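Please model the complete structure; the sequences and the hints are all you need to start from.
Number of protein chains: 2
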Amino acid sequence: MAFNKITDEVLAEIIAIAGADNVLTGAVELEKYSHDETEDLQYYPEVVVKPATPQEVAALLVLCGKHNIPVTPRGAGTGLAGGALAIMGGLMLAMERFNKVLDIDERNLQATVEPGVITEVFMNKVAELGLLYPIDPSSKGSCFLGGNVAHGSGGPRVVKYGTIREYILNLEVVLASGDIIWTGANTLKYASGYNLTQLFIGSEGTLGIVTKIVVKLIPAPTRDVLMLAAFPDNETAASAVSAIFRAGVIPSALEFMERRGIEWVKEKEGVYFDLKDNAAAFLMIEIDGTDTDVIFGEAEKVNTVLEQFGCTDVLFAETAAQKEEMWHMRRIMAVSVKANSIYKEEDCVVPRASLPVLIKGIKDAGTKYGFESVCYGHAGDGNVHINILKGNMSDEDWNTKLKDGIREIFELTAFLGGTISGEHGIGLVQREFMPIKYSPIHFQLWRGIKNVFDPAGILNPGKIFN
Amino acid sequence: MAFNKITDEVLAEIIAIAGADNVLTGAVELEKYSHDETEDLQYYPEVVVKPATPQEVAALLVLCGKHNIPVTPRGAGTGLAGGALAIMGGLMLAMERFNKVLDIDERNLQATVEPGVITEVFMNKVAELGLLYPIDPSSKGSCFLGGNVAHGSGGPRVVKYGTIREYILNLEVVLASGDIIWTGANTLKYASGYNLTQLFIGSEGTLGIVTKIVVKLIPAPTRDVLMLAAFPDNETAASAVSAIFRAGVIPSALEFMERRGIEWVKEKEGVYFDLKDNAAAFLMIEIDGTDTDVIFGEAEKVNTVLEQFGCTDVLFAETAAQKEEMWHMRRIMAVSVKANSIYKEEDCVVPRASLPVLIKGIKDAGTKYGFESVCYGHAGDGNVHINILKGNMSDEDWNTKLKDGIREIFELTAFLGGTISGEHGIGLVQREFMPIKYSPIHFQLWRGIKNVFDPAGILNPGKIFN
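First to last, the protein sequences are chains A and B. Under full-length UniProt numbering, the first residue of the first sequence carries the number 1, and numbering increases by one thereafter. Under full-length UniProt numbering, the first residue of the second sequence carries the number 1, and numbering increases by one thereafter.
Errors might be hidden in some of the hints.
Any copy will do: because identical chains look the same in the list, a pair fits if it lies in one copy or spans two.
In silico DSS-like pairs for lysine-lysine, Cα to Cα no more than 30 Å straight-line [said to hold, decoys possible]: (1) 301 - 50; (2) 212 - 403; (3) 125 - 301; (4) 301 - 360; (5) 363 - 216; (6) 160 - 212; (7) 32 - 5; (8) 160 - 216; (9) 216 - 360; (10) 160 - 50; (11) 50 - 66; (12) 266 - 5; (13) 32 - 338; (14) 140 - 160; (15) 390 - 403; (16) 160 - 323; (17) 216 - 140.
Bear in mind the hints are in silico, worked out from the structure with no lab data behind them. Quick caveat: nothing in here was measured; it's all calculated off a predicted structure.
Encoded structure:
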């Protein structure tokens with residue numbers, strides 16, 4: 001893909017479309033837009049533009065199409081796969097001015113939101129009305145809803161409430177052609193032709209630019225129980241996971257954490273409880289609902305399963321403050337690990353009962369290739385985040401040998417019926433591993449679809465697949 | 001689209017692939033395959049083939065591609081939009097021999113199923129293990145899971161448990177090229193490139209032939225309450241629907257029925273209860289769960305809402321037999337109406353709070369264009385099935401004037417943010433109405449996608465769009 005640079009003439013047109021205040025070109029201003037949360041990668045766009053309307057986005061896409069300039073859409077820059085990196089330079093479309101909750105429709109339990117709204121801001125707004133939007137990635141305090149749609153984001157509550165695919169009803173998108181369409185309808189069901197809404201979810205800005213999102217809401221649960229169960233080793237903890245569902249309970253969160261992850265959070269911020277010596281791995285389990293007796297009854301069932309599977313200790317978060325602290329511990333784990341070492345993060349997902357095998361395989365790969373890892377994540381979904389630490393690894397090993405280790409982990413993941421990413425997306429850094437799971441026919445179909453939406457290939461080039 | 005006829009030479013090749021016992025050509029044998037449940041439409045395929053393996057399907061598609069012969073895939077023939085009609089003749093791919101439940105994986109709560117398995121047979125099999133697959137269309141006793149996937153089928157429990165899109169994890173499909181691929185992974189989450197699984201759901205056999213389905217299962221609820229609430233008119237009943245959710249209750253079914261629908265069921269089979277004179281419309285509400293107190297508490301909340309909205313009478317189904325009879329009444333409504341008159345069925349879906357407006361609009365259109373209709377359906381999803389009766393309408397009016405009325409109903413549906421079909425699909429008979437909702441750009445994108453998967457256009461031609 002050979003793209004053109006942004007000339008002064010094109011820059012003038014960009015400014016004419018979006019206004020000088022919303023066009024950044026200086027190196028200092030661009031720095032913030034040169035990276036997301038992916039490793040230590042940095043790529044500078046030539047120009048950052050902050051449009052505020054679908055019409056401005058359309059004019060920018062038409063302009064870039066005409067001059068063969070790559071366009072990298074960007075939400076809050078919290079991505080972990082490099083999806084928002086301007087690897088070809090060109091124009092970065094920063095969506096931060098699309099920051100309005102346009103409508104919360106209490107009668108239909110739907111909301112219309114712009115893609116630059118911070119996920120937690122939106123969640124809090126609907127919570128005030130007794131409603132729940134349950135897709136809350138760890139980065140919810142800073143990530144944008146648009147980025148969540150682009151990456152098919154998840155979070156801990158997917159296990160009970162379903163994926164983002166159940167909550168995104170309709171999208172306004174700007175196509176590379178400059179056409180502005182709604183992908184579907186504002187309805188809970190849809191059987192009217194190819195589902196473009198679903199196709200856009202997880203397409204990482206390669207098919208078009210999302211400018212409005214219609215979201216489904218549900219009545220919020222009013223009560224919950226939160227517990228942290230300690231196990232003597234990873235496999236034992238992971239084995240308990242599928243048994244919980246088989247006991248008839250669907251927790252609202254079922255998170256796995258290695259001891260090392262909690263220790264790092266403790267070092268960084270302190271947590272209110274002590275870790276017993278024999279506790280090597282943890283399950284954090286939340287059960288929510290509307291009735292205290294039912295929730296406690298389900299917690300009792302879970303407890304029985306935990307004991308059967310060799311859990312040594314269960315700590316209940318008693319107060320709202322303790323619950324918040326336990327959740328905070330889980331959420332800042334990636335940040336805490338990152339503060340200690342250069343790291344890579346993988347996001348493997350497998351059928352949940354295969355989690356013990358996957359986690360053992362990750363550790364075995366570490367032993368074989370000489371890397372340390374901290375694993376945690378959404379065990380109830382079979383989705384594990386693997387933080388691979390550079391630690392004492394030489395730069396050479398980090399850049400070469402490590403890849404063989406990662407490759408082995410993905411091969412095991414694919415063998416178990418899983419795939420490369422459960423909720424972070426493929427972006428730039430997982431791209432090279434896609435052939436482990438997918439055949440040339442998949443690539444051909446994906447490229448064909450891409451070509452239908454973006455024949456010039458200007459939208460987020462080099463992401464997901466080549 | 002100009003296709004070729006099946007010559008004797010091609011027929012010999014078809015027989016060589018599938019075996020003579022599995023190839024039908026006689027008019028008597030073909031009759032069953034010349035219609036589905038759509039109105040009184042009839043189109044004969046030239047040949048019906050019943051393959052039993054993905055490899056046979058692949059060989060048949062390659063053969064038909066080579067000779068430019070149209071292929072119409074067919075499940076159980078219970079479709080209501082003409083999706084399984086062989087409108088171009090050619091080869092019908094009857095999937096009835098793909099009738100095995102290959103695996104029920106209790107540890108992962110997943111199953112692998114062939115597309116020719118009857119939905120209810122599968123539901124009963126997993127129910128024996130305490131598990132639920134909640135996508136149960138009224139035709140569950142005869143429809144196939146493959147047809148459900150092809151049409152994005154729903155049913156009454158979608159309102160609580162989510163659409164079929166949440167339950168289909170992965171598909172084995174045979175492409176027009178003869179390539180056999182898995183569309184995704186056997187995982188609860190997926191953020192690894194364009195989601196082909198979701199694209200195939202609702203694609204009505206136009207992109208490829210599904211040969212295996214990986215399904216998500218959940219623990220089954222153990223208790224339920226079922227009630228039938230009577231209202232003095234349609235709008236009052238429909239108005240109560242969104243208030244129930246706003247009261248914090250998500251029923252496991254929330255069905256709307258006009259009195260006339262129940263009367264026809266009574267005429268056909270009898271039902272155990274009497275309809276009071278002032279009861280013009282009904283909501284059938286099921287609440288399920290695992291705890292009797294909670295369910296009754298929720299039923300109490302619902303009751304309060306019903307009273308506020310002018311409900312005149314609530315009948316509880318007390319025994320398992322009464323529950324089954326009440327459900328049976330709802331399920332055979334279409335069949336009962338059909339027994340009385342030639343009819344057309346529409347499947348509009350709107351945001352649920354707009355249901356009263358839609359239903360009023362349907363009745364107004366009937367008055368204006370001289371047709372009678374019976375409405376019922378999944379009110380909790382804003383999805384209404386409109387049975388339009390020919391009754392005393394002249395053939396001429398039925399074939400011309402009626403369309404103007406239907407067009408007005410769809411225009412209102414689109415105006416309300418809804419769309420043409422919520423769960424029946426577009427198939428043949430709704431095709432002409434698609435431009436009411438969708439722009440030429442949508443058609444261009446759909447055609448582009450179709451062309452990626454099926455460049456020769458042999459797969460179910462003439463369905464969804466031209």
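Outcome of the hint check:
| no. | hint | verdict |
| --- | --- | --- |
| 1 | 301 - 50 | neither (51 Å within a copy, 48 Å between copies) |
| 2 | 212 - 403 | neither (38 Å within a copy, 34 Å between copies) |
| 3 | 125 - 301 | between (34 Å within a copy, 25 Å between copies) |
| 4 | 301 - 360 | within (27 Å within a copy, 49 Å between copies) |
| 5 | 363 - 216 | between (40 Å within a copy, 29 Å between copies) |
| 6 | 160 - 212 | both (26 Å within a copy, 26 Å between copies) |
| 7 | 32 - 5 | within (21 Å within a copy, 63 Å between copies) |
| 8 | 160 - 216 | both (15 Å within a copy, 13 Å between copies) |
| 9 | 216 - 360 | between (38 Å within a copy, 25 Å between copies) |
| 10 | 160 - 50 | neither (36 Å within a copy, 40 Å between copies) |
| 11 | 50 - 66 | within (20 Å within a copy, 51 Å between copies) |
| 12 | 266 - 5 | neither (47 Å within a copy, 74 Å between copies) |
| 13 | 32 - 338 | within (18 Å within a copy, 65 Å between copies) |
| 14 | 140 - 160 | both (18 Å within a copy, 26 Å between copies) |
| 15 | 390 - 403 | within (12 Å within a copy, 68 Å between copies) |
| 16 | 160 - 323 | both (18 Å within a copy, 28 Å between copies) |
| 17 | 216 - 140 | both (18 Å within a copy, 27 Å between copies) |
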